[in-house]
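Using the hints provided, position chain Z relative to the given structure of chain E.
So the protein lines, in turn, are chains E and Z. Our numbering puts the first sequence at residues 1 to 623. Our numbering puts the second sequence at residues 1001 to 1235.
Since the hints were derived computationally from the structure, they do not count as laboratory data. Careful, some of the hints might be misleading.
Keeping only pairs whose Cα atoms sit at most 20 Å apart, straight-line, the calculated EDC-like set for lysine to aspartate or glutamate is [unchecked claim]:
1) E:Lys9 - Z:Glu1157
2) Z:Lys1036 - E:Glu299
3) E:Lys67 - E:Asp230
4) E:Lys9 - Z:Glu1119
5) E:Lys13 - Z:Glu1123
Derived Cβ-Cβ restraints for the label pairs, each shown as a range [as the list claims (entries may be wrong)]:
6) Z:Ser1040 - E:Ser439: 40 to 46 Å
7) Z:Ser1038 - E:Asn404: 49 to 55 Å
8) E:Glu440 - Z:Ala1221: 54 to 60 Å
Stretch-level coverage of chain E by chain Z, calculated; a stretch enters the list once three of its residues show a Cβ under 8 Å from a Cβ in chain Z [what the hints assert, rightly or not]:
9) 17-26
10) 305-311
Treat the numbers as computed from the prediction; the structure is a model and nothing was measured. Here a beta-carbon is modelled for each residue, glycine too, at the ideal position from N, C-alpha and C.
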Amino acid sequence: MNLFDRIEKLLTKVNKPASYMGGELYEVHKAPDETEVFWGFCFPDLYEIGMSYLGLQIIYHVLNSQKGVYCQRLFAPGADMETLMREEGVPLFTLEDKQPAAEMDILGFTLQYELSFTNIVNMLDLAGIPFYSRDRSEEHPIIAGGGNCSFNPEPLADIFDFFMPGDGEEVLVQVTDLIRRSKKENWSRPQLLQELARIEGVYVPSFYEAQYDESGRMTGHQKLYGAAPDQIVKRFVMDMDHVPFPLHPVVPFTDTVHNRTVVELFRGCTRGCRFCQAGMICRPVRERSPEQVRQYASESLQNTGYDEMSLLSLSTSDYSQIEPLVRDLMADCKAVKAGLSLPSLRLDSFSEEVLHEIQEFRKTGLTFAPEAGTQRLRDIINKSITDEHIYTAAEKVIRMGYTNIKLYFMIGLPGETDEDLDGIAEIARNIVSIYRRVSERKGKFNVTVSVSNFVPKADTPFQWAAQDSPEEFNRKHYYLKDRLKKLKNVSYQYHGTETSYLEAVFARGDRKVCASLIRAWELGCKFDGWTEFFDYSRWLQAFEDTGVDPDFYSRRARGEDEYLPWEIIDCGVSKQYMLKEMKKAMQGIQTQDCRKGCTGCGVKRFVECPVYELSANYRQVEA
Amino acid sequence: MSRYLLKFSKQGGIRFISHLDLLRVFQRTFRRSGLKLSYSNGFNPHAKIGFAMPLSLGFESRGDYLEFETEVDYTPQEAAEQLNAHMPPGLKALMCRKLKETGKTAAAAVLRYAEYTAEYRGEQDPVRLLQERLEAFLAQDSILSVRYSKKKRKDVETDIRPNIHSMSLIHEKKLILTMMLGAGNTGSLNPQILMKEFCAFCGLDYEESDWLYTRKEMYFADAKGHLKPLYEFGG
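Same shape as in the complex, but just chain Z:
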């Protein structure tokens, strides 16, 4: 039995498939590739694969992670190549490494931050306004975001500021905001919520279809507390 951590990208039209659908897509890809996944015991055996973190519908990614376990031992290169040979359009295995067989700490459990970009695709020209207000936006002690909770059946207010690690703006050909946001068990923030608040702060209308979000990378903190790409996580 071998455990692997796979870094993959999800780009193009396939960004419109949901987390659950993506899981099925991977299951089929594994079946086509001939890589022998381990299955759980029981009446309805399921393949041992899992994502480090779900990706919102409509997001692209260049840094998503999948953990899987196989019955047969493959080299990580072999596994990645086999998967790439059978991936549907838009999915690509970028790197693969073996995890420790023992210990079994899941990548999802150590995840601390995720880095995103939000690319503006609308027809307005909000660059200057966003640029001018960014510093003041981040200087706030708290940023309250109101969202309807299905569980509580009412609007709830949360402070999203603690989950913003950093945020910056680049404007060359395109207007792109880069954000490092809390992710995983210790608290996470969806960049859409952040952008909604930021636009409101700037007095701009936020139109979801104007923004293309991409997850760039995920991070964990090593023993010394340094942030490292999840790829370096050993399991």
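Same shape as in the complex, but just chain E:
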């Protein structure tokens, strides 16, 4: 029986069979005899998560637009499917042609989240591909990675052949061209890697040896291949109106996390929150023109048939022309009976006008992210919103009739004290008071306080900071819970502390944690981001078995002079700038939004930052 029939048999026995069958609208098919490079785009989580990820659709589009290149999709199978695949000896396969993963020329993993790393190992195992790059040869696919976690790729350095930090649109094409050539000319694996290393923004970890001192701290990357670059600068694409964008994205048959069409509004963020990795590594801000956003929105709504569209960016309301754009989009959407959803609104720059536009369609809850409970701590983290912003915004939306307000906070931030936790409760209490004072309606009103645990990330000013211990996080959660339970109309949600601890180990890990990762997988760890699968005790066992002290990575403050494992990648923002920011944080000094004037982050070493005006509402808030 061929692989297709064997898989079809399994589909009658699993939950959500549609996750494995492919065949969706706008899925791409190419004939094998016209294909020169077989690309497997791997998403190390379930189909329903991956298919809501715009990056997948962009890369799928970029690669399949190339002649002779056939990019197919691969996802981590659900537990029930995996069991059957292992029982029946069915290897990891592509959705499009049900081709075994091992037959691809290249497998590219998107690295979004540290807690999906065990899924990468599991997918390689299901594919029958050796984990360590040193155990692979020309007969195996080359394994590549990109995405946020490729800015500190060291924990995966022994597994992956190369990484592509930064914008992928151009480098993916260059890499693919090289693979095409290498196949035609029968290059050896080392030869291909050497050529890859010459492409700007490509990091081949096996060309460097990690150096450590006697205390186990990393001291540098020793080059093993002379022509490899000293440091790899992330890739930038600058003109958003001319980067390829999928107007015919694959439309899943089944429910996914978001069932809507998405247009990317801009990349980057100028705010400079000191905990935020995306805000640092995605610089500079590059906006798509409002004309193009509108055109893409209409076209992709028409092409997909979705009844909802959304804009994607790190901070939607910071878009320079947000008010006129939302007004136009709202009208366009209304004309075709579609809804518009605007995620990532900021407390201080969202405008009433924008909200009025959305609420005509649907009055759902609103989410704001003050991040910290007091002004003092917000100054430390450079979250430039004030108590006044919070309460003004809350009053505005309450008057408009919103009855659900969700507030995001982080605990365990550098410099935090219990007073900052009291501050969180205070904000919730005050918002409820505002409701009692201004709302004419009596009835249901809810403030949800959602608290996550601070995870120090590479390439942020807080990359030197120690993380709280899981015990300390738990104490803080109970402390907050205790204060919040006394408040009416306030509910409390928080994240598991153990997963945040693990996330911190890998976010700032070096090459030594790779052994723990593989050991954890051997012990049965996978889907660590899913509560029902996460098993902390197995992870502790894995660290013990491999002689790795997780506290060394999560709870240890780094010295200013210490070499950091991710320094091999230049994320655009300089180390000196981060250090300066870290020191300013400790003094509670804010740094301005660089839309108002350059703060010297270092991105200008590589590119010219486009200049945008402040949106009308932003200007108003400032004044």
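Okay, now just chain Z, sitting in the frame of chain E:
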């Protein structure tokens, strides 16, 4: 406002999408096609489309029915062509006809029978046994089937015999059983349940993934009591 009855097929990989997902797929197809569906009034307007009968996950169909209402009047050919131009792989509009605007009897309400085939795809050779036992199986006055009821939280026994109108076996290249089974408000029977019972009766293990089910057609009874394909239903 115009009402239509659409006959469609669902074949290939798309057989693995559920009833609810299929509804969404059709809603999107309508949006892409530009055909203007009527919407209900109210806070959350929904498009006026509905299936004659849900199709089980994993089944193919060459005779499923969808009823819909449009704001604009189209010829049935126009509607079918527009839909076909925008259907995802595996779905196809086979026929379309207008229903009476008044009266508004739904196709689902008149449905009496559905015809299915079950094609054997396993590796055993059960032909002879099934052939030999079919007559005796159907000669039974009652065929009791036990199934767990979520509602009653216990196993319940039902007699499925009254819902078996006919059943026959063809064996040329493939082994295929054809069944006409009760469907709709007057009582319906899922062919999987029937095949489970039949296999048990023959002393065979029933393995779900060995069988490919296809719905071939749906029927209603006309004024004289004759069974006719649902396509001929006028609304």
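Tested hints:
no. : hint                             : result
1   : E:Lys9 - Z:Glu1157               : 29 Å, violated
2   : Z:Lys1036 - E:Glu299             : 18 Å, holds
3   : E:Lys67 - E:Asp230               : 34 Å, violated
4   : E:Lys9 - Z:Glu1119               : 13 Å, holds
5   : E:Lys13 - Z:Glu1123              : 17 Å, holds
6   : Z:Ser1040 - E:Ser439: 40 to 46 Å : 31 Å, violated
7   : Z:Ser1038 - E:Asn404: 49 to 55 Å : 32 Å, violated
8   : E:Glu440 - Z:Ala1221: 54 to 60 Å : 58 Å, holds
9   : 17-26                            : holds (count 7)
10  : 305-311                          : holds (count 3)
Of the numbered hints listed earlier, those contradicted by the structure are 1, 3, 6, 7.
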